[in-house]
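Enquirer: Heads up: the protein sequence lines correspond to chains C and H, in order.
Residue numbering for the first sequence follows my numbering, starting at 1 and increasing by one per position.
Residue numbering for the second sequence follows my numbering, starting at 400 and increasing by one per position.
Think of the hints as simulated: they come from the structure by calculation, not from any bench.
It cannot be assumed that every hint is accurate.
Here are the simulated BS3-like cross-link-like pairs (lysine-lysine), alpha carbons at most 30 Å apart as the crow flies [stated by the list, open to error]:
id	chain 1	residue 1	chain 2	residue 2
1	H	K598	H	K425
2	C	K150	H	K670
3	C	K125	H	K600
4	H	K633	C	K150
5	H	K530	C	K217
6	H	K633	H	K469
7	C	K175	H	K469
8	H	K600	H	K415
9	C	K146	H	K633
10	C	K150	C	K125
11	C	K150	H	K600
12	H	K530	C	K175
13	H	K633	C	K175
14	H	K530	H	K469
15	H	K528	C	K309
16	H	K585	C	K125
17	H	K557	C	K398
Residues on chain H that point at chain C, a partial pick, calculated with CB under 8 Å [unchecked claim]:
id	residue
18	A496
19	D502
20	P505
21	L525
22	N533
23	V537
24	A576
25	Y632
Negatives, chain H to chain C, calculated, CB over 12 Å [stated by the list, open to error]:
id	residue
26	C529
27	R586
28	P687
29	A729
Think of the CB as a built atom: it goes at the ideal place given N, C-alpha and C, for glycine as much as any other residue.
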Amino acid sequence: MNAIVFVAGAGVISGIGNNVTECLNSLRNGDAGIGKIKNLKTNHRGLLPASEVKLNNSELAALSGLLLSAPRNAMLSMVAAREALEDSGISSIRGLRTGFVSATTVGGMDKSEDFVIDFIADRSKGRLRDIINHECGNVTALVAEKIGIKNHISTISTACSSSANAIMYGARLIKHNILDAVIAGGTDAITRFTLNGFNTLMILDEQYCKPFDENRKGLNIGEGAGYVVLVSPRVATLLKRDSYCSVSGYCNANDVYHQTATSPEGDGPFAAMSGALSMAGLQPQDVGYINLHGTGTLNNDSSEGMAIKRLFDPYYPKMSSTKSFTGHTLGASAGIEAVFSALAAQQGFVYPNLRLQTPMAAFPFIPETEFLIDTRIKHVLSNSFGFGGNCSSLIFSKL
Amino acid sequence: MMKVYIRSAACISPQKTFNSTSFLDKLVTYEDNKLTCIEPDYSEVIDPRVIRRMSRVIKMSVVSAVACLKQARVANPDAIVTGTAYGCLEDTGTFLASMVEQDEDPITPTAFVQSTHNTIGAQIALLIKCKGYNNTFVSGGASFENALSDSMMLLAEKNNANILVGGMDEITDMSHAVLTRLGLYKRQPVSNINLFEAKSKGTINGEGSAFFLLANSATEGDLACIDAVSTFYKPVDITETTEQVTSFLAAEGVDKNDIDLLITGNNGDEKNDAVYSALQHSVFDSIPTVNYKNLCGEYPTSTAFALWIGAKMIKTNSIPAILNEGTAIATPIKKVLIYNHYQNSYHSLILLSAC
Numbered sequence: 001m002n003a004i005v006f007v008a009g010a011g012v013i014s015g016i017g018n019n020v021t022e023c024l025n026s027l028r029n030g031d032a033g034i035g036k037i038k039n040l041k042t043n044h045r046g047l048l049p050a051s052e053v054k055l056n057n058s059e060l061a062a063l064s065g066l067l068l069s070a071p072r073n074a075m076l077s078m079v080a081a082r083e084a085l086e087d088s089g090i091s092s093i094r095g096l097r098t099g100f101v102s103a104t105t106v107g108g109m110d111k112s113e114d115f116v117i118d119f120i121a122d123r124s125k126g127r128l129r130d131i132i133n134h135e136c137g138n139v140t141a142l143v144a145e146k147i148g149i150k151n152h153i154s155t156i157s158t159a160c161s162s163s164a165n166a167i168m169y170g171a172r173l174i175k176h177n178i179l180d181a182v183i184a185g186g187t188d189a190i191t192r193f194t195l196n197g198f199n200t201l202m203i204l205d206e207q208y209c210k211p212f213d214e215n216r217k218g219l220n221i222g223e224g225a226g227y228v229v230l231v232s233p234r235v236a237t238l239l240k241r242d243s244y245c246s247v248s249g250y251c252n253a254n255d256v257y258h259q260t261a262t263s264p265e266g267d268g269p270f271a272a273m274s275g276a277l278s279m280a281g282l283q284p285q286d287v288g289y290i291n292l293h294g295t296g297t298l299n300n301d302s303s304e305g306m307a308i309k310r311l312f313d314p315y316y317p318k319m320s321s322t323k324s325f326t327g328h329t330l331g332a333s334a335g336i337e338a339v340f341s342a343l344a345a346q347q348g349f350v351y352p353n354l355r356l357q358t359p360m361a362a363f364p365f366i367p368e369t370e371f372l373i374d375t376r377i378k379h380v381l382s383n384s385f386g387f388g389g390n391c392s393s394l395i396f397s398k399l
Numbered sequence: 400m401m402k403v404y405i406r407s408a409a410c411i412s413p414q415k416t417f418n419s420t421s422f423l424d425k426l427v428t429y430e431d432n433k434l435t436c437i438e439p440d441y442s443e444v445i446d447p448r449v450i451r452r453m454s455r456v457i458k459m460s461v462v463s464a465v466a467c468l469k470q471a472r473v474a475n476p477d478a479i480v481t482g483t484a485y486g487c488l489e490d491t492g493t494f495l496a497s498m499v500e501q502d503e504d505p506i507t508p509t510a511f512v513q514s515t516h517n518t519i520g521a522q523i524a525l526l527i528k529c530k531g532y533n534n535t536f537v538s539g540g541a542s543f544e545n546a547l548s549d550s551m552m553l554l555a556e557k558n559n560a561n562i563l564v565g566g567m568d569e570i571t572d573m574s575h576a577v578l579t580r581l582g583l584y585k586r587q588p589v590s591n592i593n594l595f596e597a598k599s600k601g602t603i604n605g606e607g608s609a610f611f612l613l614a615n616s617a618t619e620g621d622l623a624c625i626d627a628v629s630t631f632y633k634p635v636d637i638t639e640t641t642e643q644v645t646s647f648l649a650a651e652g653v654d655k656n657d658i659d660l661l662i663t664g665n666n667g668d669e670k671n672d673a674v675y676s677a678l679q680h681s682v683f684d685s686i687p688t689v690n691y692k693n694l695c696g697e698y699p700t701s702t703a704f705a706l707w708i709g710a711k712m713i714k715t716n717s718i719p720a721i722l723n724e725g726t727a728i729a730t731p732i733k734k735v736l737i738y739n740h741y742q743n744s745y746h747s748l749i750l751l752s753a754c
């Protein structure tokens, strides 16, 4: 077994930028990607804010090189996965066993939504090309074929923790010497399905979301894709450039409380965070920055905060929710935040938690509100919790 | 890969596989290109108030998972891993339809909440209070195989562990209508008895849920061992497919003469089945072979059903007559290979042996 796995490349597209550089600039400048819905065709336009990628489908098709008939989700995935792959330089090494582990919760749902409008009225209607990529796995396969990966293609869907589990699975495939390199992360486009789903659950904020604020009202849906390229130590030594950081710990645990709510004491989040620390051989005080799950819902932030209090009190690391920039990108969130966390571990970045006015009264800690560079940061914890009690935490460590 | 032990297995399928004392002694026949599961009484396992809100695939999966744990006498496994290509289709369809019909003002979130692909793993975890690792693969025709690989890696990472792993997919009215229009199924109704005689385009639709309790140490009563699982994607031609199979066997140190039985995924579609036929003239030449999709139909996680059969055949050292089309098979059955491909995209190999 390989003992350690390195992050050799990163790629991201989200409401705050179409690549790593653009996203980082927005994070640095405090520019949120949330705003009025412009691309998605929905009755909620103008009523519910969201963080859309600022490209329409034609522009994304051109950027990704995929056909306009492909799901928007696949285009987002393609842009970020290709950036990560090129950034890593692994294509220059011959004979690598490379995999693509991608997470998504919606698959080709945007096209399925168009299909069902005609199909419901008449089962012989609806354009078939709009339904052929409905399955989550098809989106992964479309992108894998386009970037030329065949050795391993898999798709994970565990709600909002999906891409954390993809990164974990990718790391383990390398540790078990099944693969040498893995592009791991996730993608999710905004669809009417998810927007309406979360709306019926009444957990969407009609204003810009305020993670970890006492007066938070809910989340804003976001979209995007984020991938890291994980490599074995052998591959890392063959690359021209140093890796960003290592993946030193991870843990997947179940909260066993409720299908759509996390336990008040944050049992699942606590188990995920402490499991990841234990695997990395770290103490809570070794963590320099937590990239919070921080959706902005009443339930998540209080549950996550409680788990953090239980684990870290009285020494709290710096922390923030970058969902205040990107919105909640669901199955893509842990992939996008893994990219931000890898950069944080490498360069000591601490991203601001936007719009924080009144810190939560229940907790003694306050998330950071300014962009900081703290080079003492050695370890970054990234949290992702989802429906079904799925809780996952990842730790990225400075080299 | 380190071999793992199958301590128990439970399967709900279009055949009498659940809570059955016999092993596939009589074929249940279907005449309309659609094989749907024989469903048990769910109320013995799930609270009747909860059952009403659950779609078929959730009910079938939860009940087969619980039965599997009960057989293994394991109350709480270390992890739950599921593989499902379609996820909770019925709930997805319900929410989509209500969204369209109500013009984006769907009244209830229930279908949305239950449409997420990890609902099955989550519901099992909630029911048995399993706080451990919980993961769901949705990799089309490799979903169950990925779940198996994940489980086998977990078992290699942790001592004295046991893992509940399952594969499941359901047929819904919507999906059957769509997949029929996409040309997956035979144009004329074909009885599953005659599936392999039809020699025409298309297969028959199927569904099922099968769960296994895997452990990294042996226990008396284990059904069989899984030595290895491997997948490959879209081979360019039959030569590559042959090479992939050959290198899998070589990596496992298995000579084809060591394999007592091959279980293949023939589904009655001429083009699909040509792949198996070509391999049976080369790398699989002279290995006794049985098919299984006349029993369960074609669906992306059908290999979970195949694994259930394979493990049972090893354990009982017998081949049900309905599976055997007259092949002479040497006993004891010690090594079984399952080879399947789903629409020539994902191919998979699962190697089983007697413990």
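Enquirer: Against each hint, give a clear statement of whether it holds in the structure.
Expert: For each hint, the structure was consulted:
1. K598/H - K425/H: Holds. K598/H to K425/H sits at ~24 Å (cutoff 30 Å).
2. K150/C - K670/H: 22 Å, holds
3. K125/C - K600/H: Holds, at about 23 Å.
4. K633/H - K150/C: Cα-Cα ~8 Å, so holds.
5. K530/H - K217/C: Distance ~29 Å between K530/H and K217/C Cα, so the pair holds.
6. K633/H - K469/H: This hinted pair is violated, its Cα atoms lying about 39 Å apart.
7. K175/C - K469/H: 33 Å, violated
8. K600/H - K415/H: Holds - the C-alpha atoms of K415/H and K600/H are around 28 Å apart, at most 30 Å.
9. K146/C - K633/H: 13 Å, holds
10. K150/C - K125/C: With a Cα-Cα distance of about 34 Å, the restraint between K150/C and K125/C is violated, given a limit of 30 Å.
11. K150/C - K600/H: Within the cut-off at roughly 28 Å; holds.
12. K530/H - K175/C: Holds, because 24 Å separates the two Cα atoms, which is no more than 30 Å.
13. K633/H - K175/C: Given pair K633/H, K175/C holds - Cα atoms ~25 Å apart, limit 30 Å.
14. K530/H - K469/H: 18 Å, holds
15. K528/H - K309/C: 24 Å, holds
16. K585/H - K125/C: 20 Å, holds
17. K557/H - K398/C: 27 Å, holds
18. A496: 6 Å, holds
19. D502: 7 Å, holds
20. P505: Holds: closest Cβ of chain C sits about 5 Å from P505/H, inside 8 Å.
21. L525: 6 Å, holds
22. N533: 4 Å, holds
23. V537: 4 Å, holds
24. A576: The hint holds - A576/H has a Cβ within 8 Å of chain C, the shortest such distance being about 5 Å.
25. Y632: 5 Å, holds
26. C529: At roughly 6 Å from the nearest Cβ of chain C, C529/H sits no farther out than 12 Å, so the non-interface label is violated.
27. R586: Label holds. Min Cβ-Cβ 15 Å, cutoff 12 Å.
28. P687: 30 Å, holds
29. A729: 33 Å, holds
Violation of the numbered hints given earlier is confined to hints 6, 7, 10 and 26; the remaining hints are satisfied by the structure.
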